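Spelled out, the chains give:
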Amino acid sequence: MSQATIDADSRPNPLGVGADHPDYLRADSGLRSWLLTKDHKRIALMFYVGVILFLGLGGVFALVLRTELLTPEQTFIDANTYNQMFTLHGITMVWLFMIPAVPTVFGNFVLPIMLGAKDLAFPRINLASFYIYVLSAIILLGAMLAGGADTGWTFYVPYSTTSPTAVTWMGIGIFVNGISSIMTSVNFIVTTHTMRAKGLSWHRMPLFVWATYATSIIILFATPVLGMSLVLLALDHAFGLSLFNPRYGGDPVLFQHLFWFYSHPAVYIMILPSFGVISEVVCSFSHNQPASYRAIAYSSLGIAFIGFFTWGHHMFVAGLSEFDAGVFGALSMFVAIFSAIKVFTWVATLRGGSISFATPMLYFLWFLFLFVFGGMTGVAVATQSLDVHWHDTYFVVAHFHFIMVGGTLTSFLAAAHYWFPKMFGRLYDERVGLLTSVAVFIGFVFTFLPQFLLGNGGMPRRYFTYPERYQWLNVLSTGGAWLLGAGLLLALGNLLLALKWGKRAGPNPWGSRSFEWITASPPSKHNFEETPDIERSAYDYTLSEEVARERAKAR
Amino acid sequence: MISAHVTTPKLVVSWLALLVLTFLSFGISRLGLGEAELVIALAISVVKTLVVLFIFMHLVEQRFANRLIVILTFLFIVLLVTLTVADPLTRKTFPPRPDPAASPYP
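Those protein sequence lines, which keep their order, are chains V and S.
Heads up, the first sequence is in UniProt numbering, so the first residue is 1 and it goes up one at a time.
Heads up, the second sequence is in UniProt numbering, so the first residue is 1 and it goes up one at a time.
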């Protein structure tokens, strides 16, 4: 019987399980060993490089947009370029960064280790999903170079069916991207169902696994609808099939129904993995078990479920019937219940804990602020009467950036710092980490808080020019965007420097109880020599390892 | 618990049933039944879907836990269609714009 139940410090080898073997980075060498790898950890790193590249690209597009908006009239790009730029920014950030970021990088890396497995259930499908992601990125980048699209990332008909830009290729690129998402989610679901270590019951699983599992369910159910809708749109655009043209019996609002049936749950695809990261961080850095494990775990499923009932709130002013608008408005507010359960449980977890303010913990605080602020404005825009005022203004832009971007970015950075020692075996510079974290937060707030005021004051989104009275808020927002960009670059620099010069990390530098910290840092190629035997929960800071070991032996 | 096996005769019968149902839905579209046509076509499609799922995709051989994911998928499609169809069915035509000449204000 393996003794992997015990924690690293009481093990014969204090460097963690598998420390006698070469780690996954050095186990095989050569480019071929990377490009054809079936190791979930290496695939995670390849995804890591991809999503960072696209975060950078989307960020550059954002900075171009914000810089253009420094002055009410043309600053340095023309209106057409501006239209294409915000479309490219949206598409890059949504499909190439926010949706894949946390699941493909950190889900791929830590989920199998958390479950005590040697790999995901389908390693080849995992590698294929990476290459399909790359293929989708190539198609999207090709479409960008071929003129891009000027429809916004929502591709609303009828304009998108007649736009002379590369809408068809954009649709195909996103369709291919969806295949990659589905493959990854199937892998996660099957691995969670079938490859848990002995003793690792559903209610002992780390909360990150619950969150990733719930996300995978949403991806599996919703993504095919988006794929189908974009194929129909591409057919419409390329061959003039008039599927959404009222003259031939089509309905433009039908496209919005189909699009948002995926794209609203997509918000939860982005934010649910973030919840998982945050749950891990808050427990690890308060050295405490969650105030209610089941509340956090089940509320992830609750959000995944209710998220499917809310898509219509994007269409309140699109010609949606009053009946449907009322139904969708009421249903949308239910999400707040599950979100509040999570927030209160995280905060309650801090109570009685031994809190250490490392960089990931700081990102937890930023996440909490941005998520609660963005979430509360979400309840407001789910109210039909208020939405009529705010619809398609900068208020909505600020709202979804607070929730989606704030949530994903802060949790992504929290995860990048939290699991950095596990992934690379080294520690980053903590002081620089804290400093860049503060810069990212201040930059973010200065970017998007003024946009709430701009929107409430009536400035529409997607516009190239604006009345002069909005300028000072736009200047604030642009300044914030540059600070945010600088903060992100510094954070990246800190982590890159630590790859080479960071101090060596032990197997468990944070003193966490989650199972991925049982292995060496970085883990060996197969994570564990033997399947571990789990005899405690992932957050049990009270049960001594001796007792856990006795229980495992007795079984 | 495996409840049944898909054998070759079953596959052939199912294939024939699918062909018959396809011709049936085509035939019904020629009858000019109005709004009932859509309901009948959807009902036939549901039956065809179930045949494909249970026979050709061997769902009939599976445990309930595995069937559950297909049942849930079906329910999500029902949800999508119901709320979407509820929209056009409950839309109201806005009253025509009032004649500007009848307005008390210039």
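What the hints contain is simulated information worked out from the structure, not anything from laboratory work.
Check each hint, because a few of them may be wrong.
As the list claims (entries may be wrong) - Heads up, incomplete: computed chain S residues facing chain V, CB under 7 Å, no partners named: (1) 10; (2) 13; (3) 15; (4) 82; (5) 84; (6) 86.
Stated by the list, open to error - Here are the computed lysine to aspartate or glutamate pairs in the DMTMM-like style, where the Cα-Cα straight-line distance is at most 20 Å: (7) 503/V <-> 392/V; (8) 525/V <-> 430/V; (9) 503/V <-> 550/V; (10) 92/S <-> 322/V; (11) 92/S <-> 251/V; (12) 198/V <-> 540/V.
In this text, all values refer to a predicted model and were calculated from it rather than measured experimentally.
Just so you know, even glycine gets a beta-carbon here, dropped at the ideal spot from N, CA and C.
Each hint tested on the structure:
1. 10: With a closest approach of 28 Å, the residue 10/S hint is violated.
2. 13: Status violated, d = 29 Å.
3. 15: 25 Å, violated
4. 82: This hint is violated: residue 82/S lies away from chain V, its Cβ roughly 10 Å from the closest one there, beyond 7 Å.
5. 84: Holds: closest Cβ of chain V sits about 4 Å from residue 84/S, inside 7 Å.
6. 86: At 5 Å from the nearest chain V Cβ, residue 86/S passes the 7 Å test, so the hint holds.
7. 503/V <-> 392/V: Violated: residue 503/V and residue 392/V sit about 49 Å apart, past 20 Å.
8. 525/V <-> 430/V: Since the Cα atoms of residue 525/V and residue 430/V sit roughly 28 Å apart, the hinted pair is violated (cutoff 20 Å).
9. 503/V <-> 550/V: Status violated; Cα separation ~35 Å.
10. 92/S <-> 322/V: 8 Å, holds
11. 92/S <-> 251/V: Roughly 15 Å between the alpha carbons, so the hint for residue 92/S and residue 251/V holds.
12. 198/V <-> 540/V: Holds. Residue 198/V to residue 540/V sits at ~17 Å (cutoff 20 Å).
Going through the hint list in order, the structure does not satisfy hints 1, 2, 3, 4, 7, 8 and 9.
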